[in-house]
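There are 2 protein chains.
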Amino acid sequence: MKEILVNYMKQFADLSEADLISLAENVPVGSFKKGTVLLHQGEVPDKCFFILKGCIRQYAIDVSGKETTFNFFTEEQSVTIFNQHSKDKLSNYSLSCLEDCVLVVGDLALEQDAYDQYPVLEMMTRKMMEADMGRIQDEFSSFVASTPEERFKALLEKRAELINRVPQYQLASYLGITPESLSRIKKRFDITHLK
Amino acid sequence: MKEILVNYMKQFADLSEADLISLAENVPVGSFKKGTVLLHQGEVPDKCFFILKGCIRQYAIDVSGKETTFNFFTEEQSVTIFNQHSKDKLSNYSLSCLEDCVLVVGDLALEQDAYDQYPVLEMMTRKMMEADMGRIQDEFSSFVASTPEERFKALLEKRAELINRVPQYQLASYLGITPESLSRIKKRFDITHLK
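These protein sequence lines map, in sequence, to chains A and B. Just so you know, the first sequence maps onto residues 834 to 1028 in the working numbering. Just so you know, the second sequence maps onto residues 834 to 1028 in the working numbering.
I should point out that these hints are in silico values taken from the structure, not numbers from a laboratory. Heads up, a few of these hints could be off.
Said to hold, decoys possible - Stretches of chain A that chain B covers, calculated by requiring three or more beta carbons in the stretch to come under 8 Å of a beta carbon on chain B:
hint, segment
1, 903-916
2, 963-969
To be verified - Using 27 Å as the maximum straight-line C-alpha spacing, the simulated BS3-like pairs for lysine-lysine come out as follows:
hint, chain 1, residue 1, chain 2, residue 2
3, A, Lys-960, A, Lys-991
4, A, Lys-835, B, Lys-920
5, B, Lys-991, A, Lys-899
6, A, Lys-920, B, Lys-843
7, B, Lys-960, A, Lys-960
8, A, Lys-886, A, Lys-867
9, B, Lys-843, A, Lys-960
10, A, Lys-843, B, Lys-920
11, B, Lys-960, A, Lys-922
12, B, Lys-960, A, Lys-920
13, B, Lys-991, A, Lys-922
14, A, Lys-920, B, Lys-920
15, A, Lys-991, B, Lys-920
16, B, Lys-960, A, Lys-880
17, B, Lys-922, A, Lys-960
18, B, Lys-880, A, Lys-843
19, B, Lys-1019, A, Lys-899
20, A, Lys-867, A, Lys-835
21, B, Lys-986, A, Lys-899
22, A, Lys-991, A, Lys-1020
23, B, Lys-843, A, Lys-880
24, A, Lys-899, A, Lys-920
25, A, Lys-922, B, Lys-843
26, B, Lys-922, B, Lys-960
27, B, Lys-886, A, Lys-920
28, A, Lys-986, B, Lys-899
29, B, Lys-922, A, Lys-986
30, A, Lys-922, B, Lys-986
Unchecked claim - Each pair of labels, with its calculated beta carbon distance range:
hint, chain 1, residue 1, chain 2, residue 2, range
31, B, Gln-945, A, Asp-1023, 45 to 55 Å
32, B, Arg-992, A, Val-935, 36 to 46 Å
33, B, Arg-992, A, Glu-850, 32 to 42 Å
34, A, Glu-850, B, Gly-868, 43 to 53 Å
35, B, Arg-1017, A, Asp-847, 49 to 59 Å
36, A, Glu-850, B, Phe-1022, 29 to 39 Å
37, B, Lys-991, A, Pro-1012, 30 to 40 Å
38, A, Gly-863, B, Arg-1017, 46 to 56 Å
39, B, Arg-968, A, Lys-866, 24 to 34 Å
40, B, Asp-847, A, Asp-1023, 55 to 65 Å
Just so we're clear, the structure is a prediction, and the values are computed from it rather than from any experiment. All residues carry an ideal CB built from backbone N, CA and C; glycine is no exception.
Hey, can you work out the whole structure from these sequences and the hints?
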């Protein structure tokens, strides 16, 4: 399964296959049961994750009790709540496993030590973050510029597997619509063949 | 004016005041007239910016000709379109100066050389990107979870100066509403005293 990690790292660092495998061998991997909460809203995040298998949901509950789902992360995505540089350092989000997950688990407190030991890691992390920044810039912009129907169409084109992989009320929240609107849109797109 | 840059860098690197000043002395700074387009949608970005003075707008025009404003950047913000790792590397956005601007201008092609020459820069850039990622995660989430009225309230609390600094139709677009809705919301908040 660490092949996934090796292939991912290969995109960002000019290292030999042997070096990449050796790096991958040294990262801690953990298995987490469906339903595990990896980070609670209001806690200080101390870990970052890379998904080898499974699906993680990022969500928050506001003061009125309303829950909003902000993202779903799946295989070959990294998951970090970046608030080390905010004032209180408390996470505005929870992260939980929507499926049984196999994850690379990074310890944020040891991050600088790892960079000092393997300088190539710092370059790789910077490049991975650049790619993540590009993705989040585009996702944000698409969300602002699109109607709910267009958002659903984009999801169908880019991440169709999500549609049957996550609870529909969470998917609706992620698209910024009610579950009823999502049902209507799905009917219009006639996506029953996906099931 | 480079004091702004020194103070910004200070947050991310444990360097002496002398080293920071020396770093700041070596970065290229340029002046750009209001209306200058720094990057055209569809071009490959080759520069990144840090604002010492002025305001930059990030926007795009879709296939139907509709223009959407995605962000306004002001003093002490860095502005980069991160698509070096995308397939075609073409920018989905334009960047233009809404005011006369004084900007630190980084050359993306020379970035790796600069890191090789000053390794502390790579660490600093990574930390600056972490802070930017945290900010964009929160802005995106706020946008998804908020009504237009709540978005305006947040803007009033966090970046009130923008309200009188940018054209109102662009501000409305940024908030995901029509200019007419923005006028109504402003009346409800009775913000005429800001003028």
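Here is what the structure says about each hint:
1. 903-916: Coverage by chain B holds for the segment 903-916 of chain A (5 residues, Cβ < 8 Å).
2. 963-969: holds (count 6)
3. A:Lys-960 with A:Lys-991: holds, 22 Å
4. A:Lys-835 with B:Lys-920: Between A:Lys-835 and B:Lys-920 the Cα gap is close to 25 Å, so the pair holds against 27 Å.
5. B:Lys-991 with A:Lys-899: Holds. B:Lys-991 to A:Lys-899 sits at ~23 Å (cutoff 27 Å).
6. A:Lys-920 with B:Lys-843: At roughly 16 Å apart (the allowed maximum being 27 Å), B:Lys-843 and A:Lys-920 satisfy the hint.
7. B:Lys-960 with A:Lys-960: holds, 13 Å
8. A:Lys-886 with A:Lys-867: Holds: A:Lys-886 and A:Lys-867 sit about 12 Å apart, inside 27 Å.
9. B:Lys-843 with A:Lys-960: OK: B:Lys-843 and A:Lys-960 at ~23 Å, within 27 Å.
10. A:Lys-843 with B:Lys-920: holds, 16 Å
11. B:Lys-960 with A:Lys-922: Judged against 27 Å, a Cα distance of about 14 Å means the pair holds.
12. B:Lys-960 with A:Lys-920: Given pair B:Lys-960, A:Lys-920 holds - Cα atoms ~15 Å apart, limit 27 Å.
13. B:Lys-991 with A:Lys-922: Roughly 18 Å between the alpha carbons, so the hint for B:Lys-991 and A:Lys-922 holds.
14. A:Lys-920 with B:Lys-920: violated, 36 Å
15. A:Lys-991 with B:Lys-920: Holds: A:Lys-991 and B:Lys-920 sit about 14 Å apart, inside 27 Å.
16. B:Lys-960 with A:Lys-880: holds, 16 Å
17. B:Lys-922 with A:Lys-960: holds, 14 Å
18. B:Lys-880 with A:Lys-843: holds, 25 Å
19. B:Lys-1019 with A:Lys-899: holds, 26 Å
20. A:Lys-867 with A:Lys-835: holds, 21 Å
21. B:Lys-986 with A:Lys-899: holds, 19 Å
22. A:Lys-991 with A:Lys-1020: holds, 19 Å
23. B:Lys-843 with A:Lys-880: holds, 25 Å
24. A:Lys-899 with A:Lys-920: Answer holds: A:Lys-899 to A:Lys-920 is near 25 Å, not above 27 Å.
25. A:Lys-922 with B:Lys-843: Holds: A:Lys-922 and B:Lys-843 sit about 19 Å apart, inside 27 Å.
26. B:Lys-922 with B:Lys-960: holds, 24 Å
27. B:Lys-886 with A:Lys-920: holds, 25 Å
28. A:Lys-986 with B:Lys-899: At roughly 19 Å apart (the allowed maximum being 27 Å), B:Lys-899 and A:Lys-986 satisfy the hint.
29. B:Lys-922 with A:Lys-986: holds, 23 Å
30. A:Lys-922 with B:Lys-986: Roughly 23 Å between the alpha carbons, so the hint for A:Lys-922 and B:Lys-986 holds.
31. B:Gln-945 with A:Asp-1023: 45 to 55 Å: holds, 49 Å
32. B:Arg-992 with A:Val-935: 36 to 46 Å: Taking Cβ atoms as reference, B:Arg-992 and A:Val-935 lie about 41 Å apart, which means the hint holds.
33. B:Arg-992 with A:Glu-850: 32 to 42 Å: violated, 48 Å
34. A:Glu-850 with B:Gly-868: 43 to 53 Å: The hinted range 43 to 53 Å holds for A:Glu-850 and B:Gly-868, with Cβ atoms some 51 Å apart.
35. B:Arg-1017 with A:Asp-847: 49 to 59 Å: holds, 55 Å
36. A:Glu-850 with B:Phe-1022: 29 to 39 Å: violated, 59 Å
37. B:Lys-991 with A:Pro-1012: 30 to 40 Å: holds, 31 Å
38. A:Gly-863 with B:Arg-1017: 46 to 56 Å: The hinted range 46 to 56 Å holds for A:Gly-863 and B:Arg-1017, with Cβ atoms some 51 Å apart.
39. B:Arg-968 with A:Lys-866: 24 to 34 Å: holds, 33 Å
40. B:Asp-847 with A:Asp-1023: 55 to 65 Å: holds, 58 Å
Of the numbered hints given earlier, the model fails hints 14, 33, 36; all others are met.
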